[in-house]
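One letter stands for each residue in the lines below.
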Amino acid sequence: MAELVDEMEELAEAVSESTRALVAQSPEGVGWKALLELGWFELAGEDPRLATGVLGEELGRAALASRALDAAVVHALEQAGAPVVAEQSHAVLYPLPSSPGAGQLFADGSAELDGLFLGGVEPGDKILAFVTDPAGQPAVVRLAPVEPSEVAGLDGADARVRAGRLTGRSAAVLDRLAPEHARLALRTARRALAYQLVGAAEECLRIAVTHVSERHQFGRPIGSYQAVKHRLADVRVAIAAARSVLAGSWDESDQTELTVLVATSLAKKAVQTAVAHGLQVCGGMGFTEEFPLAPLVRRAQFFAPFLGSAAELGMETARLLKACGTAPRISGFGTP
Amino acid sequence: MLDYAEADEVQVLRHRLRALVEEHIPKSYLGAFTDNPNDLEIAQRFSRILGEQRLFALTWPESFGGGGASSWEQTALREEMWAAHEPRGAQYMGLNWIGPVLMRYGNEDQQQRHLPPIAAGDVLWCQGFSEPEAGSDLPALRTKAVREEGGWRIHGQKVWTSYAEMARWCFLLARTGTPESRKDGITVFLVDMEQAEIEVRPIPSMLGRHHINEVYFTGAWVPDRDVLGGINEGWKIVNDVLAFERIGIARYARCDKLLSWAPRALGEAWADLPQGLHQRWAKALVHSRSVRLLAYKVVAAQDQGLLDPADAAAYRIAVTLLDQEVAEVLMDIVGGWGLGTEDTERIFERAVEDHWRYAQASTVASGTLEMQRLALANRLVGKR
Ligand SMILES: Cc1cc2nc3c(=O)[nH]c(=O)nc-3n(C[C@H](O)[C@H](O)[C@H](O)COP(=O)(O)OP(=O)(O)OC[C@H]3O[C@@H](n4cnc5c(N)ncnc54)[C@H](O)[C@@H]3O)c2cc1C
Numbered sequence: 003m004a005e006l007v008d009e010m011e012e013l014a015e016a017v018s019e020s021t022r023a024l025v026a027q028s029p030e031g032v033g034w035k036a037l038l039e040l041g042w043f044e045l046a047g048e049d050p051r052l053a054t055g056v057l058g059e060e061l062g063r064a065a066l067a068s069r070a071l072d073a074a075v076v077h078a079l080e081q082a083g084a085p086v087v088a089e090q091s092h093a094v095l096y097p098l099p100s101s102p103g104a105g106q107l108f109a110d111g112s113a114e115l116d117g118l119f120l121g122g123v124e125p126g127d128k129i130l131a132f133v134t135d136p137a138g139q140p141a142v143v144r145l146a147p148v149e150p151s152e153v154a155g156l157d158g159a160d161a162r163v164r165a166g167r168l169t170g171r172s173a174a175v176l177d178r179l180a181p182e183h184a185r186l187a188l189r190t191a192r193r194a195l196a197y198q199l200v201g202a203a204e205e206c207l208r209i210a211v212t213h214v215s216e217r218h219q220f221g222r223p224i225g226s227y228q229a230v231k232h233r234l235a236d237v238r239v240a241i242a243a244a245r246s247v248l249a250g251s252w253d254e255s256d257q258t259e260l261t262v263l264v265a266t267s268l269a270k271k272a273v274q275t276a277v278a279h280g281l282q283v284c285g286g287m288g289f290t291e292e293f294p295l296a297p298l299v300r301r302a303q304f305f306a307p308f309l310g311s312a313a314e315l316g317m318e319t320a321r322l323l324k325a326c327g328t329a330p331r332i333s334g335f336g337t338p
Numbered sequence: 548m549l550d551y552a553e554a555d556e557v558q559v560l561r562h563r564l565r566a567l568v569e570e571h572i573p574k575s576y577l578g579a580f581t582d583n584p585n586d587l588e589i590a591q592r593f594s595r596i597l598g599e600q601r602l603f604a605l606t607w608p609e610s611f612g613g614g615g616a617s618s619w620e621q622t623a624l625r626e627e628m629w630a631a632h633e634p635r636g637a638q639y640m641g642l643n644w645i646g647p648v649l650m651r652y653g654n655e656d657q658q659q660r661h662l663p664p665i666a667a668g669d670v671l672w673c674q675g676f677s678e679p680e681a682g683s684d685l686p687a688l689r690t691k692a693v694r695e696e697g698g699w700r701i702h703g704q705k706v707w708t709s710y711a712e713m714a715r716w717c718f719l720l721a722r723t724g725t726p727e728s729r730k731d732g733i734t735v736f737l738v739d740m741e742q743a744e745i746e747v748r749p750i751p752s753m754l755g756r757h758h759i760n761e762v763y764f765t766g767a768w769v770p771d772r773d774v775l776g777g778i779n780e781g782w783k784i785v786n787d788v789l790a791f792e793r794i795g796i797a798r799y800a801r802c803d804k805l806l807s808w809a810p811r812a813l814g815e816a817w818a819d820l821p822q823g824l825h826q827r828w829a830k831a832l833v834h835s836r837s838v839r840l841l842a843y844k845v846v847a848a849q850d851q852g853l854l855d856p857a858d859a860a861a862y863r864i865a866v867t868l869l870d871q872e873v874a875e876v877l878m879d880i881v882g883g884w885g886l887g888t889e890d891t892e893r894i895f896e897r898a899v900e901d902h903w904r905y906a907q908a909s910t911v912a913s914g915t916l917e918m919q920r921l922a923l924a925n926r927l928v929g930k931r
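So the sequence lines, in the order shown, correspond to chains A and B.
My numbering puts the first residue of the first sequence at 3, with every later residue one more than the last.
My numbering puts the first residue of the second sequence at 548, with every later residue one more than the last.
Fair warning: there could be bad hints in the mix.
[What the hints assert, rightly or not] If you want the ones that stay clear, here's a sample from chain B, every Cβ over 10 Å from chain A, calculated:
(1) 554
(2) 599
(3) 601
(4) 664
(5) 693
(6) 783
(7) 822
(8) 827
(9) 833
(10) 879
(11) 920
[As the list claims (entries may be wrong)] To give an idea of the interface, some chain B residues facing chain A are shown, with a C-beta separation under 10 Å as derived from the structure:
(12) 759
(13) 816
(14) 818
These aren't lab readings, by the way, just hints derived from the structure by calculation.
No residue lacks a Cβ here, since even glycine has one placed at the ideal position from N, Cα and C.
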């Protein structure tokens, strides 16, 4: 048993290291090809938790653009037997904040789109889109390829996300995935997002801890003051809460959906707490563009409403709980 | 008993100010320090218009170019201006505390030279307090004033100086005592910013490219006539400055405006918001109204010369925390932050985004939340 644990830790360390190296070499963002070359899909086949967790957290720390959410979605769908192949580069169209889908599907099979690509689109990419079906239900469809020129940049948004918006296009829908695959796709995307947010929160905390250890006022490091320490502790608590539920969200059960919802909302809470406290303890310095908090603040704000704001996730959680009529234990509860 | 009914003249003033804002300030205006130089122009022009109508230094004596009005009228002015994203730009600083402090500590010559231009709305001031090593620990400041025939030469560096790029004058703290003299060796200098020995470097930040700056002094000259108060007696003045600063900005007014605007701005989407969010919205609105009452209590007490510094500190803590609560609620309400916020059509979203960034800084600028809490608590437990 001890040996197995050792081996797993070694594997995790090795994966972290190669992921960190990839992230460090990719200031422009991590594309599909880079993920293939990293062997990310094979690793995800063996240990999806490790693959998604490490990649997500490293990307979150670096506040980089990437296809990581797309890759997680396609990988999960492929594993579940949906008609997608991870070997091929995919781009996923996500709903705009506060809207239920990235487009409306009509009874004649056509669709009117308005959604977001998170890590850009390249010519030849296969396209998946989260849409709303004629009955108002969430669905995932495969679309004919999109020309990158059809995708508009996002004014005023975090430029490092490299998000693009596809608007007002009636697209050729190739086919529609099964409802359980649509649900799987959404929770996979949310979970991958949650890891990025936890990574961003960790990085805010690291920056804050470094700053308060080095910065002196009144002849002492400001990290020696209780008011400052309490804030750091609160951030750590929020991160730990998100992490533990995220870890539990991998056990497939009838509660997985609920667990992912809770984990996503805790991850959003964690990064918002980290940003607020990080800015506060870093004082004036924290607000400057040269200080490393700036890209993380923008990233946290960009993602806060994405795939459901805290309030929307809360509503969805309540709906699920009401539907099942009991208060289930969160899945994974009790597993180490 | 306090009478909360607003006097007729205050109501009249509000309507007049709203009409002026309506006429002169574009709907898309979000403050003077954006990347668009027009915004600064707008603020400068508006300040002069107010100055011409004696609406600028409303409560100042008429001999200094003021309007001789009551502090309730001044409160209405602050509220209307802050709610409209401060169309006076950086001018509020001169009005809120530089002028009042000059009235209290300045000699006649200083008052005659400096007050009328502030009241006319055509000169900007900045506040040179913080230094790289002296933030919360302000008495650690090291910028040095060296005595010469007829005046002083300033050497050193300030940081986070708001509006230094556009300011004509700086209200500067410098050390005139020994390096260890802390509070007992600080003097206030009124420094003309138009000198080769002063270099201003903007610091790009979340608050825009033209808000905060570093300022380098390499022997800048201050004649004796621009020393404010006595040598080494600056700390007393600083405390007054901070007390004025604490109650100077009617942040609750913008909170109230943005919250009240939200249902209209969202239109049909308003009804579809999660119920929990409606509740948080209602709660935030209640909080902003209660902070408004706290502000009125402080104004009334100040009017009668009975202001308890603990109340002033409590107000400042409450109003900055309110700013942040409202920012979070509004951000959740607009949801699509960052998406097309450059789009001038989406005025509400842009206003919310702007409010969020400024709210984060409100618990750091002019003394951090932690330092305010300590000051308040130390009064309670009898430590100074
Ligand atoms: C938008 C903005 C505008 C500004 N404009 C001006 C200006 O015009 N002129 C000017 O002079 N300055 C200005 N400032 C500077 C401002 O006054 C300082 O940022 C503030 O006083 C804090 O100092 P600091 O940034 O050095 O932070 P620090 O003092 O380093 O504080 C960092 C953190 O440590 C905490 N801390 C420090 N000491 C203690 C303690 N003893 N106990 C508990 N906690 C503690 C603080 O609360 C804070 O959370 C501005 C700042 C901002 C953000």
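Do the hints match the structure? See the list:
Every C-beta of chain A lies more than 10 Å from that of residue 554 of chain B, the closest at about 40 Å, which supports listing it as non-interface. For residue 599 of chain B, the shortest C-beta to C-beta distance to chain A comes to about 36 Å, beyond the 10 Å cut-off, and the non-interface label holds. At the 10 Å boundary, the C-beta of residue 601 of chain B stays outside the reach of chain A, the nearest C-beta of that chain being 36 Å off. Distance check on residue 664 of chain B: its Cβ is at least 29 Å (rounded) from any Cβ of chain A, clearing the 10 Å threshold; non-interface status holds.
Separation of residue 693 of chain B from chain A is adequate, the least Cβ-Cβ distance of about 26 Å exceeding the 10 Å criterion. With a cut of 10 Å on Cβ distances, residue 783 of chain B stays outside the contact zone with chain A, its closest approach being about 21 Å. With a minimum CB-CB distance of about 8 Å to chain A, residue 822 of chain B fails to clear the 10 Å threshold, and the non-interface call is violated. The Cβ of residue 827 of chain B does not lie farther than 10 Å from every Cβ of chain A; its closest approach is about 8 Å, which violates its non-interface assignment.
Listed as a non-interface residue, residue 833 of chain B keeps its Cβ farther than 10 Å from every Cβ of chain A; the least gap is roughly 19 Å. Interface exclusion of residue 879 of chain B from chain A breaks down, the closest Cβ pair being 5 Å apart, not more than 10 Å. Not every Cβ of chain A is farther than 10 Å from the Cβ of residue 920 of chain B; the closest lies at roughly 7 Å, contradicting the non-interface assignment. Against a cut-off of 10 Å between C-beta atoms, the interface hint on residue 759 of chain B holds, since the closest Cβ of chain A lies about 7 Å away.
With its C-beta approaching chain A no nearer than about 7 Å, residue 816 of chain B sits inside the 10 Å limit, and its interface hint holds. Given hint, residue 818 of chain B at the interface with chain A, is violated; its Cβ is 13 Å from that chain's nearest Cβ, farther than 10 Å.
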